[in-house]
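Trainee: Chains as they are written, first to last, in the working numbering: chain A, 230 to 389; chain B, 241 to 1000; chain C, 237 to 524; chain D, 6 to 87.
Think of the hints as simulated: they come from the structure by calculation, not from any bench.
Among the hints, erroneous ones may be present.
[Claimed, not checked] Capping the alpha-carbon separation at 16 Å, the derived lysine to aspartate or glutamate pairs in EDC-like fashion look like this:
1) B/Lys644 <-> B/Glu709
2) C/Lys511 <-> B/Asp860
3) C/Lys289 <-> A/Asp284
4) B/Lys652 <-> B/Asp590
5) C/Lys289 <-> A/Glu299
6) B/Lys648 <-> D/Asp21
7) C/Lys511 <-> B/Asp862
8) C/Lys495 <-> B/Asp402
9) C/Lys495 <-> B/Asp921
10) B/Lys911 <-> C/Asp494
11) B/Lys405 <-> D/Asp21
12) B/Lys742 <-> A/Glu324
13) B/Lys652 <-> D/Glu70
14) A/Lys232 <-> C/Glu239
15) B/Lys652 <-> D/Asp60
16) B/Lys911 <-> B/Glu376
17) A/Lys314 <-> B/Asp261
18) B/Lys743 <-> B/Glu793
19) D/Lys17 <-> B/Asp909
20) B/Lys652 <-> D/Glu77
21) D/Lys17 <-> B/Glu419
[Claimed, not checked] Reference excerpt, derived from the structure (chain D facing chain B, CB under 7 Å, subset only):
22) Val62
23) Gln65
24) Ile84
Think of the CB as a built atom: it goes at the ideal place given N, C-alpha and C, for glycine as much as any other residue.
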Amino acid sequence: MSKTHVTTTINGEPTEYLCEASQSMLDVLRDELDLTGTKEGCGSGDCGACSIIVDDRLVCACLMLGAEAEGRRVLTIEGMSHGDKLHPLQQKFIEMAALQCGVCTPGMLIAAKALLDRNPNPSETEVRFGLAGNLCRCTGYDKIVRAVLDVAAEQRETTR
Amino acid sequence: MSEQRRYKWVGTRQNRPDGADKVTGRARFGADFNLPGELVGKVLRSPHAHAVIKSIDVSKAAALPGVKAVVTGADFPEQPDQLLPAGEMQVNLRDVTRNVMAKEKALYEGHAIAAVAATTAAVAQEALSLIKVDYEVLPHVIDVQEAMKDGAPILHPHMRTDGVKPAPEKASNIAKRLEFNKGDAAAGFGKADIVIEREFTTQPVHQGYIEPHAALASAAEDGQVQLWTTTQGHFQVRGFCCRLLNLETSQLRVTPSEIGGGFGGKTVVYLEPVAIRLSQKAGKPVKMVMSREEVFRASGPTSGGWVKVKMGAKKDGTIVAADITVALQAGAFAGSPVGPSCMCSMACYDVENIHVVGYDVVSNRPKVAAYRAPGAPISAWAVESVVDMVAQELNIDPIDLRLKNAAKQGTKTHYGPTFGVIGMVETLEAAKASPHYKSKVKPGYARGVAAGFWFNVGADSSAAAHVGEDGSVTIISGNPDIGGSRASLALMAAEELGIDYKKVRPIVADTASIGFNFVTGGSRVTFATGLAVVNATRDMIGQLKQRAAKLWEVDVDAVVWEDGEARPSSTNVGKFEPLSLAKLAASASRTGGPINGHAQLNAQGAGPGFGVHIVDLKVDPDTGICTIDRYTAVQDVGTAIHPSYVEGQLQGGAAQGIGWALNEEYIYDAKGRLLNPGFLDYRMPVASDLPMIETVLVEVPNPAHPYGVRGVGEVPIIPPMAAIGSAIARATGVRMVDLPISPPRLSAALDAATPRMAAE
Amino acid sequence: MMEAQYRAPGSVDEAVALMAGAGGKGRVLAGGTDLLVQMRAGMVAPGLIVDVKRIAEMTAISQIAGAWRVGAAVTGAEIHDHAGLKKAWPGVVEAINLIGSKQVQGRASAGGNLCNASPAADSVPALVAAGAIATVQGPNGRREVPVEQIPAGPGKTSLKPGEIVVSFTLPARPAGSGDAYLRLIPRTEMDIAVVGCGVNLTMKDGTCTAARVALGAVAPTVLLVEGAAKALVGSKLDDKAIEAAAAACRAACKPIDDKRGTIVYRTKIAGVLLKRAVAIAAERARSN
Amino acid sequence: MARVILTYSFAKQFADGQTEIELPGRTVRQLIRALEARFPALEGHLEGDIAVVIDGVVHQNALLEEVAEDSEVAFIPPIGGG
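Just chain A, with the same shape it has in the complex:
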């Protein structure tokens, strides 16, 4: 069995690993790197629980090979906060009860970050379509959408 050697950057840290050619990025993160914050809900790109950001693009880790990360920059939920400071989305999700069971939350936060990074002033409809790839079965999305809109409004306020 000859494995592929990958040199990449994960959450800002230079990282190396060996993976099998057919091994998904999700399995690499969870099984090889112990980054279990990225969740598997379906393994087919239909739930978004494994959302990560690769070179500034939102992707499902289950739809990417570990080998493809060579030379890329990968952001997972474990890299979303800075030191002891939560990302504003993380803080707002807690404050506004935008999670119940919490298993979709890492993917939802990563997707929300990707959305706001590109569109700091989204409408409710844009937020809903921007997060349509992330299934949540607990909340009915109401508090999630409100939290994202709230963060966007606050960030516009602070950058003004």
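Fit chains B, C and D to the supplied structure of chain A, relying on the hints for placement.
Mentor: Then chains B, C and D, alone, in the frame of chain A:
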């Protein structure tokens, strides 16, 4: 609302104690646990809907390098064919063991036939392909009405319909017949000015939790077993596993992971006994995780059903009689929620003459599991649709019609009991007064309304409260936190203690670290475990007062606990500086040792809940697509301990009901194989499908709870289907009777109603 | 069990050579949004995975004499962000952007969507309506193929062994042109098209002078519906002409009953979407 | 005397069709014993898979609960929940 301010913490929106863990990826869910040297377990599942298992040859699989254990049904001891307590559940263990691992027959596609444990997933997968099963494929039956017919393929030759006198001699797929009666329905219809009769169906729908089932078992050579699993009730898992594997409960320690949704679907065992058995045979830890496909094929959806409703009313809107028949699919083994379905059907209404018959029917589908208010949404879909038809026919506002017939204190139900204090009228009035209902319906849109009822449950809970050396407090209970219960328990403890919420740390303990707790289910945790936490906290406060009394050398009755400190009850006691929790904790060792409180109880008096939902939607007549524009859920919630999470329950339940109404269904091919075992074609609502879901919390405190708590999680899934169906009927003139109201189905119904268009 | 190999070549020539060397066991990885799902389900077990996302030609968008060339591995998200392409071919861009979620858009490509050969592929009816030409390279060199000739049936293409779709060319067309793509799904996102319809029109002085219409998910392959185009060309896109085009679409349907829709429903919706897509394309044509 | 209520089918099957029965008893257990004395066919069917509603309050498992002189005690199918 003003009453709420009686409390400092209860009713406030504090950050949940597990919030930071859950937004940073730290929280460990079922599949996130690992042990050194663990093996990967995988299950071989039946490709047939119904087949005799003539033989299983595992020799090649067992011989594959890397395979450490193989199990089949023969590895699980036979169980008695009778209802027995397992934990606090009544289950037929003969069926449970067969659902975990088939014995003589495969009863549905996806039924577990064998399992392997191997060093890698790839080896385990290859081993499955080497297991040779000799099947004799039998005719199968999927549909509930088909399964009830004479001549239908019989799943269990020993099954005779229970509840029929004299007891039938012939085998049947009808496991049980139930009948409820109040008054004389036939005579009641004679008094009616209008009588409406319709038949309705629903398809099985899955709970759809995002986290698949997962378990990690480690069985030691001395017989002791540890298990980590994602479940709504680790004590139930312990009970089931011990029964199925002949273990003593003290030998099995179950630690619950964080749980990624359950909605009732994680109250039974699937992987857990298999992982333990594999671990016992392999002598190594075994981890098993279901794929999404396995979740759909092999874990419990809720029943699909067939419901016939005949309802009579007078011109003034008085409903005078109802005759209802409910047949629910149980899946491959008996035990659908047909009882609650029958009982809830007319529970919202005070009607003189009610007759309800229910059937529990087996067919070649996965065994149903609980799903939010089990059974109630199915009968409510039918009954509430017919109530709306009565309102339409008599040209009465649908809320007014319901107010006219609403159940209230003193209403005798058709299933026996007389209601005490309930909130149906208040809920209807709140719905009528809501900004949504008061608003005009936008042109092109239509409005639908429906109601729902659920009993709620209490049951067994244990809790402990420990004071730390610095005066901060740990609250220990044994219910997995599925939607913010740590926060609500901590709020009640902080309220009792009069200390800052942040000084209270709630912990979910494993089965060895706290007394028995019934499942996190039936919306019981904030009520029943909340009661245990309050009692444990009060027990602890009693001790704190005793310590203060000792220090002051006064009688304990002379000490009161206020705002987090012991104070003399009056100036007569003497002049003492109040003793804070921190001070009492610091001196604990010198005043009698650690200060802890405990409570255990079987909580009774869970107050029933009522909900009314309002929906505005439009229908695209060309495509049959419904667009929901506005949605409001109104519910009698007792006291909202943490209003955000109460709102969340209403919103989440409504969203699930909307999915049930519009798109979710199990689709089978002619061979009884599930065609849509994935999130792509099992269409749960996505964010862009829904509007904001407004909530109105009607707070009618439950007298049986110190803070007036009432379960809130069940009711909100009951009204959406009929509310949506009624809005569609009002938008298009077509009353849909089959769920889901998917675009092809609605389009066909619209075309059938306008033959000209169909001919085009 | 054969463990796969992974290669990420830097040129098309290299990729073609790798595929040739894999002896039929090679699979091209563009976005991977279909391939990885199929690998996981055990439907395919490639011996060699050839990742084409490091090939410049396959990941670039360029304009040459009014025509647009889009690399077959360009992701939906990149196409979404390309203002020039969006302005010229809004229907094609919308169609590609309808493939899956934002997450899938971050990976999925039109080349992958075409080569996966699903009759319900969203980008394909729009590309067919656009008259897009695929540039294909294989062991015997390059050739140009109209997109509609590539799908051969569900999961099957007319590509010869070892051939790779390198890019698409969207032709230059006269002023007064516009395109549109609409699909019907039960939800608002995250679904496979029950029916898809691409329309590409050229209008002059209120009269339709050229039209191409394509339908997805109503037959084993995406259909170019010439009858519908004929009904539109020469008309002022009056109700009668549009109804005739819708009738041609319905007549062209050879759908199946499946978990996503019925024969009756798909046939009806083909006509509905045609009307709506024509209206959008015509509006775009008028303002171009 | 407490008023004991059985569901219709349960009464038909085990209690000669009587759905409402006045019985002496100060606890649920005493009522069950009294019921079983009157309807021997009921024996064993009231302590297992059943919920007990005492004056409108649902008890999942009731045995020693006290009932008042004029209490209404209904035996109904068990209730779970999601």
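Trainee: Min Cβ distance, D/Ile84 to chain B: is it shorter than 7 Å?
Mentor: Interface hint status for D/Ile84: holds (5 Å vs cutoff 7 Å).
Trainee: So if I understand the rule, the pair passes when the alpha-carbon distance is 16 Å or less; does C/Lys495 with B/Asp402 pass?
Mentor: Between C/Lys495 and B/Asp402 the Cα gap is close to 36 Å, so the pair fails against 16 Å, i.e. violated.
Trainee: Sort out whether A/Glu299 lies within 16 Å of C/Lys289, counting only the CA atoms.
Mentor: 12 Å, holds
Trainee: For the restraint on D/Val62, tell me whether the closest CB of chain B is nearer than 7 Å.
Mentor: D/Val62 check passes; min Cβ-Cβ to chain B is 5 Å, inside 7 Å.
Trainee: Please verify whether D/Lys17 and B/Asp909 have alpha carbons no more than 16 Å apart.
Mentor: 41 Å, violated
Trainee: C/Lys495 and B/Asp921 were given as a pair; does the straight-line alpha-carbon distance stay at or below 16 Å?
Mentor: 8 Å, holds
Trainee: Are the Cα positions of B/Lys742 and A/Glu324 separated by 16 Å at most?
Mentor: 14 Å, holds
Trainee: Going straight from one Cα to the other, do A/Lys314 and B/Asp261 come out at no more than 16 Å?
Mentor: 13 Å, holds
Trainee: When you check the alpha-carbon spacing of B/Lys644 and B/Glu709, does it fall within 16 Å?
Mentor: 59 Å, violated
Trainee: B/Lys652 and D/Glu77 were given as a pair; does the straight-line alpha-carbon distance stay at or below 16 Å?
Mentor: 11 Å, holds
Trainee: Check whether the Cα positions of C/Lys289 and A/Asp284 lie no farther apart than 16 Å.
Mentor: 13 Å, holds
Trainee: Is the hinted pair B/Lys648 and D/Asp21 satisfied, with a Cα-Cα distance of at most 16 Å?
Mentor: 31 Å, violated
The earlier numbered hints that this structure contradicts are 1, 6, 8, 13, 18, 19.
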